[in-house]
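Modelling step: build the complete structure from the supplied sequences, incorporating the hints.
As they're listed, the protein sequences go chains W and Z. Residue 140 in numbering that gives the first Met the number 0 is what sits at position 141 of the first sequence, and the numbering runs on without skipping anything. Residue 298 in numbering that gives the first Met the number 0 is what sits at position 299 of the second sequence, and the numbering runs on without skipping anything.
The reader is advised that the hints may include incorrect statements.
The list treats identical chains as one, so a pair stands whether inside a single copy or across any two.
Stated by the list, open to error - Calculated cross-link-like contacts (lysine-lysine; reagent style BS3-like; alpha-carbon spacing at most 27 Å): (1) Lys-79 with Lys-226; (2) Lys-262 with Lys-35; (3) Lys-35 with Lys-135; (4) Lys-236 with Lys-87; (5) Lys-37 with Lys-10.
Simulated from the structure, these hints should not be mistaken for lab results.
Spelled out, the chains give:
There are 2 protein chains.
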Amino acid sequence: MTITMKDVASKAGVSLSTVSRVINNSTLVSKETTIKVKKTIDQLDYQINDSARALRTNISNLIGVIGAGMDNPFLMNALKSIETKALKKNYNIIYGDSDGELEQELYYVNMFKQKKVDGLIIMTANFSDELINSVKRSNISTIFASGYLDQTDLLSVTVNNIKAAEDVSDYLFDLSDYFAIIRGPYNDSVASKERMQGVKNKYKEYNIDLKDKYISEGNFTFESGYKSAEILLNNNKDLKAIFAFNDQMAIGAIKYCLDNKIKIPEEISIVGFDGIEASKYIKPTLSTVFQSGNDLGSEIMENLLKLMADENVENDNIFIPHKLIIRESSI
Amino acid sequence: MTITMKDVASKAGVSLSTVSRVINNSTLVSKETTIKVKKTIDQLDYQINDSARALRTNISNLIGVIGAGMDNPFLMNALKSIETKALKKNYNIIYGDSDGELEQELYYVNMFKQKKVDGLIIMTANFSDELINSVKRSNISTIFASGYLDQTDLLSVTVNNIKAAEDVSDYLFDLSDYFAIIRGPYNDSVASKERMQGVKNKYKEYNIDLKDKYISEGNFTFESGYKSAEILLNNNKDLKAIFAFNDQMAIGAIKYCLDNKIKIPEEISIVGFDGIEASKYIKPTLSTVFQSGNDLGSEIMENLLKLMADENVENDNIFIPHKLIIRESSI
DNA sequence: TTGTACGCGTTATCAG
DNA sequence: CTGATAACGCGTACAA
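Below, the structure is given as structure tokens:
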């Protein structure tokens, strides 16, 4: 037996609408009745039925977030920040983890449509055409948040992956004639593609040949970083620097070097990306491109709220700050 | 303009009920009409309205999860596993992060009541009376999952914190006359309380005095582990072993030792708890009590599904396996 | 300031 | 196999 407004109304001796007004803090209710109704609500432990309310108002107060990988601390930081900001505006977050699977992503977009979410945040690795079309058709206010989008009618908030990778490249070219890269999955990750672009830009600028054997493909896990380091070091005997596209892979690479008595940073420099908390607590501490999950979350929510309120948003692509932090794992 | 079953019905030239039957895979519809209706659904890009459905059926297909700390990899592993299992049974997860704040926890329980979740999973640090009462009043099928509960009418799934801590204690007493503890927040965490109990049991069994200066309180972060190690080592000059109640704090403690040229494990042994992925990739690798987030998630969901189906569940308190793994940071 | 009546989009019951 | 109709719980004109 679930308790409804009707029960509250009859017990309090008022009409349904009065109860509704009290619940929604309407000013058109006398102090007395307000108190009386609130008391009965407490007594009966009445709970609003969100489904009924959403059906009636066509507002779900839900924001859907699709992300790839709950084992990614940076993503979780951003998500936490999104959640906090959303809560303040009375929105609840509903998160779907795609693990990088396109099928899952589409599934979640669909599910969020059915739940009639008021806003949507896509932090997944890849922006496939299918995904983008599905989102566009839905007419839901949406922010893309793992990379830049060349579609002018869509809004993205992200770190400037290209510029950040260029910064790292400049730094590493100072240390060595060339450096190796542990990138993300090949056809899968916007962020990885963009960072790769930054690297390519600099190789080209310095007129250095970016050979295939300088590049290894990981999947953003510790383990793939470990294995990639092994491959890269075996294939490039004079290698002096590695740029890993996230911190986990960088930490994996460090572990490989340590296990094989390769001195860091004397023999090899290693740079990561993200600046997760753990990067400060390993030995040697990790040089990395820091970006703030907090910043990202704030910027996303700020713009999403504008979008949902039909306000104009200035830029199609918004960048959050990044900073190359040099620690013990390089130079 | 949102498209409803009505639009589908009129465009397909059938009645509302027929559309409903097709959507719900009723067998009572002819192949022909089924195909016709499905086609129009596609054409119109019709999406079910979950609110309306939930209102009518009184089933939300939602499972609420309340957890403390999205920066906890072990918790996130468990959550991922819960999500995967839930999806298979057509349930969606809605997660609320309390950050260990009681107020937040109560807020989420309330919110989940309003969303009429079909099931509830409480993985938060503390089981306050207020929280438990709120949950009980709601009549929602609930699993508690961070510690043991002495209330016989509630169900918990967790690692056996007491036994695990006893295992570690036995191991460390083999190495040294006493050991220090980096525990979790004092009045806040069931898991921490239970692990403390295990330690106390063994100190008592071996008739050794568990002095206050052997214990430092952290908050499950790297940083608190680092600071705790400093305090413990300063206050106990002959200290040879530390047991941290999670891996992050253990890694922080290791970092402190490394920074201060204290040799691990020669001068001091360090043991963590959880067995997060990073514990294998730091140097020295971390000895720790491994528990599987996957196991935990599976066990939780299995029992929650039974509970929701009103089936009997055998035990009030279900334990998942744990295993003390000795790596380079100890002996 | 309060109450009445309708409709949101769906499913379930019943009749055909 | 299909269709009409009531009901789920709430918010909001409109009336009082």
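Hint by hint, here is what the structure shows:
For the homomeric pair Lys-79 and Lys-226, the shortest alpha-carbon distance between copies (25 Å) is at most 27 Å, but the shortest distance inside one copy (31 Å) is not. In this assembly of identical chains, Lys-262 and Lys-35 lie within 27 Å of each other by CA distance neither inside one copy nor across copies; the values are 74 Å within and 68 Å between. In this homomeric assembly, Lys-35 and Lys-135 come within 27 Å of each other (Cα to Cα) only across copies, at 26 Å, whereas the closest approach inside a single copy is 47 Å. For the identical chains of this complex, Lys-236 and Lys-87 are neighbours neither inside a copy (54 Å) nor across copies (48 Å), given an alpha-carbon limit of 27 Å.
Within a single copy, Lys-37 and Lys-10 get their C-alpha atoms as close as 11 Å, which meets the 27 Å cut-off; across copies the closest is 47 Å, which misses it.
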